[in-house]
Amino acid sequence: MYRPEKTLWIGILAVALLAGAAQADEAAEKGLAIAVEADRRDEGWGDSQATLQMILRNRHGDETTRQMRSRALEVADDGDKSLMIFDDPRDVKGTAFLSFSHKSADDDQWLYLPALKRVKRISSSNKSGPFMGSEFSYEDLSSQEVEKYTYRYLRDESFDGRNHFVIERKPVDKKSGYTRQIVWMDKDEYRVFKVEFYDRKNALLKTLMFSDFQQYLDKHWRASLMEMTNHQTGKSTTLRFDGYKFANGYTDADFNRNSLSKAR
Amino acid sequence: MQTSTATAFPRHASLLLAALAAALPAAAGEWSGDFGLEARGFTSGPLDPAQHENNLSLYVQPEHYHDWDDGNQRFVITPFLRIDQGDPERSHFDLRELYWRKSFESMELSVGLKKVFWGVTESAHVVDIINQTDAVENVDTEDKLGQPMINLTFLRDWGTVDLYVMPWFRERTFAGRVGRLRPPVYVDESGARYESAAAEKHIDLALRYSHYFGDWDIGVSHFSGTSREPTLLLSGSVIDYLPAGALLEVVPFYDQIEQTSIDVQATKGSWLWKAEAFNRTGQGDSFQALAAGFEYTLVGLFGSVIDLGLIGEYLRDNRTGQPALGNKDVATGFRLAFNDVQSTELLAFSGIDLDTRERFSSVEGSRRLGQSWKLGLEARFFSNTEPGSTLHTLRDDDYLQLSLARFF
Chain A
0 MYRPEKTLWI GILAVALLAG AAQADEAAEK GLAIAVEADR RDEGWGDSQA TLQMILRNRH
60 GDETTRQMRS RALEVADDGD KSLMIFDDPR DVKGTAFLSF SHKSADDDQW LYLPALKRVK
120 RISSSNKSGP FMGSEFSYED LSSQEVEKYT YRYLRDESFD GRNHFVIERK PVDKKSGYTR
180 QIVWMDKDEY RVFKVEFYDR KNALLKTLMF SDFQQYLDKH WRASLMEMTN HQTGKSTTLR
240 FDGYKFANGY TDADFNRNSL SKAR
Chain B
0 MQTSTATAFP RHASLLLAAL AAALPAAAGE WSGDFGLEAR GFTSGPLDPA QHENNLSLYV
60 QPEHYHDWDD GNQRFVITPF LRIDQGDPER SHFDLRELYW RKSFESMELS VGLKKVFWGV
120 TESAHVVDII NQTDAVENVD TEDKLGQPMI NLTFLRDWGT VDLYVMPWFR ERTFAGRVGR
180 LRPPVYVDES GARYESAAAE KHIDLALRYS HYFGDWDIGV SHFSGTSREP TLLLSGSVID
240 YLPAGALLEV VPFYDQIEQT SIDVQATKGS WLWKAEAFNR TGQGDSFQAL AAGFEYTLVG
300 LFGSVIDLGL IGEYLRDNRT GQPALGNKDV ATGFRLAFND VQSTELLAFS GIDLDTRERF
360 SSVEGSRRLG QSWKLGLEAR FFSNTEPGST LHTLRDDDYL QLSLARFF
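Protein sequence lines, in the order shown, are assigned to chains A and B.
The opening residue of the first sequence carries number 0 in numbering that gives the first Met the number 0; numbering runs sequentially from there.
The opening residue of the second sequence carries number 0 in numbering that gives the first Met the number 0; numbering runs sequentially from there.
The following block holds chain A by itself, in its conformation from the complex (with noise of 0.2 Å):
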């Protein structure tokens, strides 16, 4: 039986679900477009590198210490090489993870364990899992590539005196940890000075600040304090940079399995 109120509810709804894609178009679009102008405004950082003190934080406020090296390059039209080097606890001194990240296939990893002299090359599908016992899991420290994630801008806010833009992602890679990420970027510079990460349940489960910005090369803004604070099990990591140095001149050659392997 034709029954005319139904082609009305179905050409109501198709209009408003038009109406709603629309915006969520223009959500998508301006979202990324403050992703592409964030990792514009940082290119050219050519190469870095850091001192990182970790500080592990259990429920009852105990904490462990840990002390690592990182050396950082620059990839045109790709991830970023990265090396770091482990100092303490003294039972892994000496142990180097060299990573080449890449826009959208899986990261190239390899790990050198000084006891035995081995490289090898590790899986790097365990991005969800915790970086060296901490809070921090190895996607939250590898590059942040704009290909990484879908975007969808939300709303503006403003606290600090600052004006953000509030803006979710997800990540393309199924292995993420992650089901979306809630970030705060000031307007001015295009930091990030807050991440929220919801779990695979969709539930909150880490919330990131960073904060005492530097800037280098006077273009480049690096924090220098990074608080990340687990909701769900109270624990909590901060994660502090000291003696950033750019233009260190390093190339490819201080990056591969040779130099990974004697890395002091």
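The set of hints was computed from the structure by calculation and includes no laboratory data.
Model, not experiment: these values are computed from the prediction.
Glycine residues also receive a C-beta, built at the ideal position from the N, C-alpha and C atoms.
Treat the hints with care, as some may be off.
A few chain A positions that, by computed beta-carbon distances, are all more than 12 Å from chain B [unchecked claim]:
#1 A23
#2 L31
#3 E36
#4 E42
#5 D90
#6 R117
#7 S124
#8 R151
#9 K200
#10 K218
With a cut-off of at most 30 Å between alpha-carbon atoms, the simulated DSS-like pairs for lysine-lysine come out as follows [said to hold, decoys possible]:
#11 B/K200 with A/K186
#12 B/K267 with A/K200
#13 B/K114 with A/K116
#14 B/K327 with A/K92
#15 A/K102 with B/K267
#16 A/K102 with A/K261
#17 A/K186 with A/K102
#18 B/K267 with A/K173
#19 A/K173 with A/K200
#20 B/K114 with A/K186
#21 B/K267 with A/K92
#22 A/K119 with A/K102
Guided by the hints, dock chain B onto chain A, whose structure is given.
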């Protein structure tokens, strides 16, 4: 025939002190390393009443390095000393590393004692040949003696080429007459014989090309020189008659070999596919050996942060007279990484011979205590052994070891 405990200790200790003193002028760099105490409990009494019972062992391995010339030159010294309660032959000193290296534009030169690892598999290290195995340390063949060498490394866009010139050969170490986990014979190391008239002064050569192509890592190598694996020859003397049979004295014979090898790993998401193989001539009939398999990692087991790695490897060695275990085996195991603050890890393995069903099992675990201590667990079991096989003489040497190490 064997050094007594009383004389061995001071000699080793003074060697270590001398090595340390020699390195002190360069002390502008830094010292690090570890020392530890290992307590080993055997599940059975010894097969030979002369062999020791439960055992305590101390080791120290400091490491010093010094960089200068804008990081282009480096000096490294890594002495190692073990003092063993039960086996005087296991109380020993070695320089694991003592070398100088200079880096040039896309080339490096190292001179001295170095340690080099080749290979990809977990249950056996088939192609790893540069360093002699310090077999008295452990049955897993992962402890190595420092190898004197001149090593040239050429770094090119298309890969890395290493050339090794090794002017001095190191003999394999073996457990002593009273040691556990020893061969069914007494190896008289002082009577070592060589195919080459130059004996241990034969200049061994090796060449290796290694590179990666996308998710493939490849190494191709050739070794020409003194076999690290000795052939054991009867010396004609019977040392002792035991309830289990006569203890024969043998001497190691080191052949001149040519060995060409390849090692490959493909890293495909959570799967690591690995294979290493060689062809060796010069030690009896030419023969081949292979280790190949996979490691698959389950990330975040049951919603936790624990990673579980499943390992399966096939081993083949077609030389004539190869002991049953190792000639046609399947090794299966798992690796647990707890990803906790204490970096707790566990690796368990079991290898079974497909013909005889002989089995070798191994468990290794570790957990950091505080900031600089580490608790270790190690267990090895030999089961279903066949009379006449090498493994059979280890049937009463199943052990569980706990260790505590301090890192500095």
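B/K327 and A/K92 were given as a pair; does the straight-line alpha-carbon distance stay at or below 30 Å? 38 Å, violated
Quickly compare the C-alpha distance for A/K173 and A/K200 to 30 Å and report which way the hint goes. OK: A/K173 and A/K200 at ~14 Å, within 30 Å.
Does the claim that A/D90 lies outside the interface with chain B hold up, using a Cβ gap greater than 12 Å? Label violated. Min Cβ-Cβ 4 Å, cutoff 12 Å.
Straight-line alpha-carbon gap A/K102 to A/K261, limit 30 Å: 28 Å, holds
Between A/K119 and A/K102, does the CA-CA distance stay at or below 30 Å? Measuring from Cα to Cα gives roughly 23 Å; hence the hint holds.
Take a quick look at whether B/K267 and A/K92 sit within 30 Å of each other, Cα to Cα. 29 Å, holds
Verdict on A/A23 as a residue remote from chain B, using beta-carbon distances over 12 Å: 31 Å, holds
According to the definition I'm using, a residue is off the interface if its beta carbon is farther than 12 Å from all beta carbons of the partner; does A/K200 meet that for chain B? Given a closest Cβ separation of 9 Å, the condition is violated.
So if I understand the rule, the pair passes when the alpha-carbon distance is 30 Å or less; does A/K102 with B/K267 pass? 17 Å, holds
Closest CB of chain B to the CB of A/R117 still more than 12 Å away: 4 Å, violated
Is it true that the CA of B/K114 sits at most 30 Å from the CA of A/K186? Judged against 30 Å, a Cα distance of about 54 Å means the pair is violated.
Does A/K218 really sit off the interface, with its C-beta more than 12 Å from all C-beta atoms of chain B? 27 Å, holds
Checked against the numbered hints listed earlier, the structure breaks hints 5, 6, 7, 9, 11, 14, 20; every other hint is satisfied.
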